[in-house]
Amino acid sequence: MWRRGFATVSQHQQKARYKPVIGLEVHVQLNTKTKLFSRCPTTDSSPNRRVLPFDMATPGTLPSLNSQCIHRALKMARLLNCHVSEWSRFDRKHYFYADMPAGYQITQNHHPIAKNGNFGFWVFDEHLDVPYWKEVQILQLQLEQDSGKTIHLPSTSSEEGPKSLIDYNRAGCALIEIVTSPCFETAIEAIRFVQTLRLLIIHHNLSNGELHKGHLRVDANVSLEKDTVPGTRTEIKNMNSIRTIHTAINFEIARQFEILNSNGTVQKETRAADQDGRTVSMREKDDVDTDYRFIVEPNLPKLRIKEEWLKKAEEEMKSAGKADFEYLRDVIGFDPRSSIHIAEDPDLLAFVKRCIRLRDSSVSAEEILYWMKQLKTTMQRSKCNYPPQSEFFALQFMTLLNLVRQRRLTHLRVLDLLRYYSTSSEGESEEAMTLEDVTEFVTKHKLWRIEDPREIERLVEDLMRKNEKLVEKARNGNSKSFNRLRNLINEATEKRIDMEELCEVMKRFLDQKSI
Amino acid sequence: MHRIESAIEKAVKFRSHGIFISETFELARRQARDAIEKGLNPFPVAVKDCFLTSTSTTCASQMLENYTPPMNATVVDRIVAKGGCIIGKTNLDEFCMGTSSALGHFGPVKSALSEATSDDWLIPGGSSGGSAVAVQTGIADLAVGSDTGGSTRNPAAFNGVFGFKPTYGVLSRSGLIPLVNSLDSPSIFATSAESCWKYLEMLSGIDAADSTSVNLPEIEGIKSIEGLKVGIPAEYNNECLSDDAWKLWNHAANILERQKAQIIPISLPTTKYSLACYSVLSAADIASNMARYDSVAYGHRSKMENSTYEMYASSRSESLNTVVRKRIFAGNYMLMKQYRELYLEKALKVRRKISNEIRDAFKKVDIIITPTATGTAPKYSELRDTLFTKEDDDDYFTQAANLAGIPAISVPIGKGCNGLPIGVQLMANKLQDKTLCNIAQLLYSRVL
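Residue numbers (UniProt numbering), protein chains in the order written: chain Y, 1 to 515; chain L, 1 to 448.
Source of the hints: derived by calculation from the structure; they are not laboratory data. Glycine included, every Cβ here is placed at the ideal spot set by N, Cα and C. It is possible that part of the hints are untrue.
Under 8 Å between C-beta atoms, here's a sample of chain Y residues computed to sit facing chain L [stated by the list, open to error]:
#, residue
1, 57
2, 60
3, 62
4, 65
5, 67
6, 92
7, 94
8, 96
9, 98
10, 166
11, 291
12, 295
13, 298
14, 299
15, 301
The following block holds chain Y by itself, in its conformation from the complex (with noise of 0.2 Å):
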């Protein structure tokens, strides 16, 4: 027992001695109407019906280089504080593969768009007593040619083996190649690096950057630093969720722990991240050391970059201005996690904005997210669904929030009527179109606090007075009967009066020793 013990303290000790070393290269699809190199619209459609001559790398056809994609990325490298070059070139990078119809990818190698720029973002887990920031080195950004998709289907008889079907649909859509530096330490950094990324493209039109439509595909290198002394890296590719690649790094760290641990030396080796994360080795031609035999690509000249397109970039970024988290964060005042979570929820934003266009300046981030917690239990108790989308409860849910900040209704009150008007408001039923706004429906029913301390005191005691037996065991000091008296007076009064005062009358009642 003591041993294995032992073993963890060492074990953990040695965990410390390594540090993980991350990289990133993040694959932006680029929204263009066009391809990089062809006229071909990029909407969507069924297998091989956007595919031009060129896209399918018919002998004799030559790229024609989209000024969209350029724009793009000169925009992109601004949100990237990247240095743009004064000319860059495109390079043929090689290989074999059955979605890449000329055997070769047209990207940028040795003469980047843009290169050495930097980027921050918060950092923010639920293992961090609070956010930090970070910032890391952009080392290039990159114009480059998608491939197509290989659709792998298994043998449907005995006669028929399996069959590669491919959809040259996506070959020679653009994207941007973004590759950091190894300058990440956690998996949490690299992923809040993407999310923060993913919402910035989307805010100045780079790319839908949906993760699920391979918009947005990473590649992560990761070794295991010890003393100083770099580890041998693996890459683990094309990950397209934010959790695959938080397990897939995380998985990665601890079987490179592993090996090391136990003396063993990891392979350079490209790895594929499966469907819980877990990295599996790809074991395919193309591994870390494949020579892709680089050419320049000869049909397109040097890419000079004018100044006039610079200054458009720089226009169009500024005139976007804030994307929503940074609003939410900067001008409204949420925390860096609350800001990127609701942000990254079109619903959860939607409803958010609608409040802080209804609110009065001084409610504060803290109290809209605090009463955004209390609605989603209510709202998910009753299985109604959260956030709730109309105009009219979000004007309701704000007027709650100023009159229980100014005091005029309880807190168990504004629960109550939140739960009312987040069931009932919602859709088109009667009720929803018949319901009058909350102060009017508050003073209809005659809900308002209690303010006046002899009123309460009178009402107190009147109720006190009703459950002599109850007042007797609270006054023995049975908390239990304590409680269960204040809910019935809580009850008797229709929540009317402040918890907090309630229990100070009743304590001072019970603290005389007759009523």
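Starting from the known structure of chain Y, fit chain L onto it as the hints suggest.
Frame of chain Y; chain L shown alone:
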């Protein structure tokens, strides 16, 4: 219409010479009718089968034996719009690799200047052999060829016609199946330099589909040779040059001198490296350009398809000839990380040197005159017995113009003592295509 019918008749008559890979007589007739309707004068055109036409395009390779392209090359569309009628797609060396037009998948092109047998024949030159013979036999008024290291000028010289390679970029490469992208130029065969210029005007102009295309500047051109500075590079008088070719080269210079041109001996010492430079650069581009023939979406598909890689390898091995495979192999070798600096980077430097040297020469002279080839066309048996090394000897004279991107034209200057044609090559500075054609025409008019 009559001209088109007579072209078709001739094409049928010369079938045994292997000029065409595919005949498109009906298409030509339709194009002729369309042209007449539009008030244009139809004229017969032959197009090298490395330019895309939506009828079929093979590059003389089994790889593309059954290939139907989804589009036409820009030059094809442009010539048809001017009244050109495509009689057929002409035979060539497989994927333009060679200067004999002898080893293509669909059989050799045999020169029409002498009787051909099935065992031996007079080489028409190459790689645009079929196009040259189509003009020489009078089938076509214009034949479109391509020229990467001499593929138009060489067969033009061997067949006694004009072969004109314009400045790089003046003719769009869109739809030209590439050999070496930075050297390739669509080119023109015709029976006079004047026609060469006329056709160039019809075909040229910026093409959005080719980012390297350029506009020809409007220039006056010239009407007299008087005062023209003509450079004669000493290095082109090499050990491979035949007496016949040497004499006719001198003859051409003499004609120009008699017309009061100023003859200036110049030196182009790095030209002798053009062959080595070209071999490396071309192999690298070829390895890259040929990578698309993986038999997935089009092209010859082998029956061996147990794995994707096996399918690639066997489809390519089965359908590409040895010349092509050797160059792919060499190119991939020279592009490897450990060799690229040794070969590719060096070759690029040499190319710049050759190019600069020629550019410098044009500070002193208006035009450079050289032989087009070592001598007259060889027989197939000669080439075969010397393992095609003579092809390299001939390339020596023509490659530099491609490396420098300048216009060059081969002018039929006379005949060797065997009675076969010999050409001289004129080269001018970049974008001086009109001047070049003017001089070629003036020179030719004095030859007769």
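How the hints compare with the structure:
1. With its C-beta approaching chain L no nearer than about 4 Å, residue 57 of chain Y sits inside the 8 Å limit, and its interface hint holds.
2. Look at residue 60 of chain Y: its Cβ gets to within about 4 Å of chain L, closer than 8 Å, so that hint holds up.
3. Contact between residue 62 of chain Y and chain L, as hinted, is supported at the beta carbon level, the nearest pair being about 5 Å apart and thus within 8 Å.
4. Among the interface hints, the one on residue 65 of chain Y holds; its C-beta lies about 7 Å from the nearest C-beta in chain L, closer than the 8 Å criterion.
5. Of the supplied interface hints, the one on residue 67 of chain Y is violated, with its beta-carbon coming no nearer than about 12 Å to a beta-carbon of chain L, more than 8 Å.
6. Hint on residue 92 of chain Y holds. Least Cβ distance to chain L is approximately 6 Å, under the 8 Å limit.
7. Given hint, residue 94 of chain Y at the interface with chain L, holds; its Cβ is 6 Å from that chain's nearest Cβ, closer than 8 Å.
8. For residue 96 of chain Y, the interface hint holds, since its Cβ comes within 8 Å of a Cβ in chain L; the closest pair sits about 6 Å apart.
9. Here the hint on residue 98 of chain Y is kept, as its CB sits about 5 Å from the closest CB of chain L, short of 8 Å.
10. A distance limit of 8 Å between C-beta atoms decides the matter here; for residue 166 of chain Y the minimum to chain L is near 7 Å, and the interface restraint holds.
11. Here the hint on residue 291 of chain Y is kept, as its CB sits about 5 Å from the closest CB of chain L, short of 8 Å.
12. For residue 295 of chain Y, the shortest C-beta to C-beta distance to chain L is roughly 6 Å, which falls under 8 Å, so the interface hint holds.
13. The restraint placing residue 298 of chain Y at the interface with chain L holds, with a minimum CB-CB distance near 4 Å, inside the 8 Å limit.
14. The closest approach between the C-beta of residue 299 of chain Y and any C-beta of chain L is roughly 6 Å, which is under the 8 Å cut-off, so the hint is satisfied.
15. At its closest, the beta carbon of residue 301 of chain Y sits 6 Å from a beta carbon of chain L; the interface hint therefore holds under the 8 Å criterion.
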